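**Q** Each chain, letter by letter, is given below.
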Amino acid sequence: MVSNVGRLPRQGAGKAPRFAAGDWVQVAARPVLGHCRTPWYVRGKAGRIIAVHGRFRDPERLAYHRPGLPAQVLYKVRFRQREVWPTYRGFDGDHIEVDIYEHWLEPAS
Amino acid sequence: MAKRAPATAAKTRQGVASGVPKRQTKPRKGAGGRATHDVGGLSFGAIDRSEHDLALWEKRTDAMQRLLTSPGNRAFSVDGLRRVIEDYGEQVYDRTTYYEKWIRALRNLVVEQELLTRAEVETRMGEVRERHAKRGRRISKAKIPW
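Chains D and L supply the protein sequences, listed in that same order.
Under the numbering used here, the first residue of the first sequence is numbered 1, with each subsequent residue one higher.
Under the numbering used here, the first residue of the second sequence is numbered 1, with each subsequent residue one higher.
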């Protein structure tokens with residue numbers, strides 16, 4: 001038996017990435033149903049795109065044996081630790097970088 | 001506060017004494033809800049960084065995962081494996097080791113994807129237990145719940 005899990009789509013296939021490096025974004029705060037690779041602690045937080053990794057099949061669909069399409073653009077997003085953890089006691093400039101798929105991101109208001 | 005893993009968890013391990021997780025179960029709370037695995041920022045105490053040699057069954061588990069998700073087979077995806085593990089619930093998730101999580105997920109996915117039936121897996125496990133019993137080997141009474 002063969003499932004629908006297939007090879008990654010070619011880079012650049014599909015719609016153009018919605019965001020570019022340098023853009024400020026906000027992570028959706030919606031609840032999760034099923035498999036999700038967006039950590040709880042960045043949901044609802046604002047950060048900055050620092051890299052566009054490319055387009056990948058959607059793990060939220062692959063996890064249920066679906067083809068994972070449409071493919072999602074994956075970004076590297078940088079958050080200030082003070083933004084992520086309100087009680088953070090480290091240096092002000094500390095940050096954390098998280099890989100987040102496009103359907104979890106909105107333009108920062 | 002910290003409750004140790006029950007004795008049954010240790011019994012299912014095969015000669016990996018140093019691999020017994022010193023973990024506590026902690027309820028996950030928060031806006032939107034955290035999944036069981038999504039524990040970033042929760043306090044679980046110090047991370048146990050001690051290493052142990054992998055047991056044969058752990059290496060086999062790793063090999064099975066690679067074979068089942070390989071381009072030629074694609075029985076399921078690594079994402080599917082993660083999804084099943086994330087659905088275990090806090091008690092099981094916190095008190096099982098890395099490959100204990102994997103082997104249960106692999107077994108369940110093989111059934112979910114109809115490569116084997118549950119009855120076939122259980123029958124085979126019965127045969128394996130019997131074979132080991134005949135050779136005088138110690139057999140764990142513990143069964144991994146479905």
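Just so you know, the hints here were simulated from the structure itself, not pulled from any lab data.
Just so you know, these numbers come straight off a predicted model, no measurement behind them.
Please note: incorrect hints may appear among the correct ones.
[What the hints assert, rightly or not] If you want the footprint, here are the derived chain D segments under chain L, 3+ residues with CB under 8 Å: (1) 17 to 29; (2) 99 to 109.
[Claimed, not checked] Below 25 Å or equal to it, Euclidean Cα-Cα: the simulated DMTMM-like pairs (lysine to aspartate or glutamate) are: (3) D/45 / L/86; (4) D/76 / L/48; (5) D/76 / L/38; (6) L/134 / L/87; (7) D/15 / D/106; (8) D/45 / L/114; (9) L/141 / L/38; (10) D/15 / D/102; (11) L/101 / L/48; (12) L/143 / L/87; (13) L/143 / L/112; (14) L/134 / L/90.
Just so you know, even glycine gets a beta-carbon here, dropped at the ideal spot from N, CA and C.
**Q** Each of the hints needs a verdict: does it hold here or not?
**A** Here is what the structure says about each hint:
no.	hint	verdict
1	17 to 29	violated (count 1)
2	99 to 109	violated (count 0)
3	D/45 / L/86	holds, 23 Å
4	D/76 / L/48	violated, 29 Å
5	D/76 / L/38	holds, 19 Å
6	L/134 / L/87	violated, 36 Å
7	D/15 / D/106	holds, 16 Å
8	D/45 / L/114	violated, 41 Å
9	L/141 / L/38	violated, 31 Å
10	D/15 / D/102	holds, 11 Å
11	L/101 / L/48	holds, 17 Å
12	L/143 / L/87	holds, 18 Å
13	L/143 / L/112	holds, 19 Å
14	L/134 / L/90	violated, 37 Å
Figure legend: structure checked against the earlier numbered hints; hints not met, in rising order: 1, 2, 4, 6, 8, 9, 14.
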